[in-house]
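S.K.: Listed below are the residues making up each chain.
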Amino acid sequence: MFSISDLAAWFADPVNWDGRYGLWFLLLEHVAITLAALLIATIVALPLGLAIGHTGRGEFLVIGLGSISRAVPTMGLLFALVLLWGVQLRDVSLLVALAAIAIPPLLAGTFAGVTTIPWGIRDSAKAQGMTGFQRVRYVEFPLATSSMIGGMRIAFIQVVSTVVLAPLVGLGGLGFGIVQGLALRNYSQVVASSLVIIVITIVGSQLLGWLQRRTDDRL
Amino acid sequence: MDWFFANASFVAGLALTHLSIVIVPIVLGSILAIVGARLVRARWVPGVTAVLSAVYAIPSLALFVALPALIGTPFVGPTNVVIALTVYAVASMFFSARDAFSQVPSSTKTTATALGMSRFQLFVHVELPMAIPGLISGLRVVSATTVSMAAIGAVVGVRNLGYLFLDGFQRRIPEEIVTGLVAVFVIAIAFDGGLWLLGRALTPWRARGGERV
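In the order they appear, the protein sequences are chains V and H. The first sequence begins at 1 in the numbering used here and counts up one residue at a time. The second sequence begins at 1 in the numbering used here and counts up one residue at a time.
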C-alpha cells in the first residue's frame, strides 16, 4: 500500500513538481498565504499590544483572547466563515480566519514584551522628558522585539498548520496533496506532501526562534 | 438550535468519541512529560528542547498522515490521531513541567534531603505538590489545545466532533458547523474548569490564604 521506494519514485517524478498543483507552486502558495495572514495580524496586533502594554489597560483582553482562541478549533472557524460569506469569497474568509488565529499570540507576545521591561527603564525614559509616543517608539518597542518575535513564532505555527486545511474549502497550498491523496488513496502523495509541510514548518519556526534569541540580548 | 435539537443524540455520540480520543493524549502525554521533565539529565535538556520544539511546530494534519509511513500504522482511523496528539501533549507539557519544577525553591529541596528523604520521596512529597500550580496551568493549555486539535482528525476518518465541520460544510448547514464549534468549546471549557478545581483541591494551603508557596 505504501513503501519508501514508492515515496522516492514520487519525489523523483518531475510531474509532481511542476504545474498548478505541483510541489513548487503549492509551496509558494502556502508560504504566500501564511505571510499575508501574519502581515494582516501584525498590523492589528502590534499597535494594539503596544497600546495595552503602554497604558496597562486592557490586559483582560490579551489573556481572554489567548485562552478562548486555544479552545476554538481552527477548522470549524474556517468552514463557518466560508459558509457565512459564500464560497466566492473563500480566499477572504481564509485570510480572516488565519489572521484571527494569529492575533492572540502576537498580542500576547507584544504585551508581555512591554510589561516585562524593568520599571526603572520605563521610568527613566519618562524622567528624561520623553513623550508617550517617544517612549513607545524608542524604548518600549525596541525592548519588546524579542518577545514579539516569540509571539510571531507561535502565530506562524498556528497559521501554517491551518493553511494545510485550505484545500478542504477548495483553496490551494501544500495541504492539497494530503486531501487529494487521501481521496485517491495515493499514499505516496500524502506522505510526500506532509513531509514537505513538516520541513518548511520546522525551518520557519527554527528561523523565528533563532531571530528571537538574536534580539534577546538588548537588556 | 433546531438543527441541534433534531440531531442531539448524533452530536452526543460524536462528543463521546471526541472525549475518548482526547483522554489518552491528555493523561498519558502529561504523565510522560512530567516524569520526563524530572528525569531528563541536565546535559540532555538542550537536545530534548530542540526536538520537542520542532515537533510542536508540525501541523497536525501533516503528522496524522506522516505517522503511517514512519511507524507503519494504518492510514485511516484513530490510532494516528491518538499518537500524534500524545506527542503534541508531551511537547507542550514538557516545557510547562520544567518551569513548574524549576520554581520549587532549592532551599526546600535541600531541607527535605537533609531530613533524610530519598530522591523518590523528594519528588512525590515535596517537588510534585509544590509544582502543582505550574503543572495545572500547563495542563489547562494542553487540554484545550488537544480538544480543539482532535477535530482535525475527522479529515483522516475519525468520527468525532470535527465530522460536524466537514459534513456541515459539504451539505451547507451552518448550524451544524456552529454546533461543532460550540460543542468543542464546551468540552474544552469543562476540562479547563475541572483542572482548575483539581488544582484547588490539591493545594488546600493556597485556598486557605495561608503562606503561598
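Warning: the hint list may mix true and false statements.
Claimed, not checked - Per the computed footprint, the stretches of chain V lying under chain H, defined by three or more beta-carbons under 8 Å from a beta-carbon of chain H, are:
| id | segment |
| --- | --- |
| 1 | 21-29 |
| 2 | 69-77 |
| 3 | 191-197 |
| 4 | 201-213 |
Calculated from the structure, these hints are not laboratory results. Predicted model, so just to flag it, every value in this text is computed and none were measured. Glycine is no exception: its CB is placed at the ideal position from the N, C-alpha and C atoms.
S.K.: Of the numbered hints stated earlier in the document, which are not met by this structure?
M.R.: Of the numbered hints given earlier, the structure breaks just one, which is hint 1.
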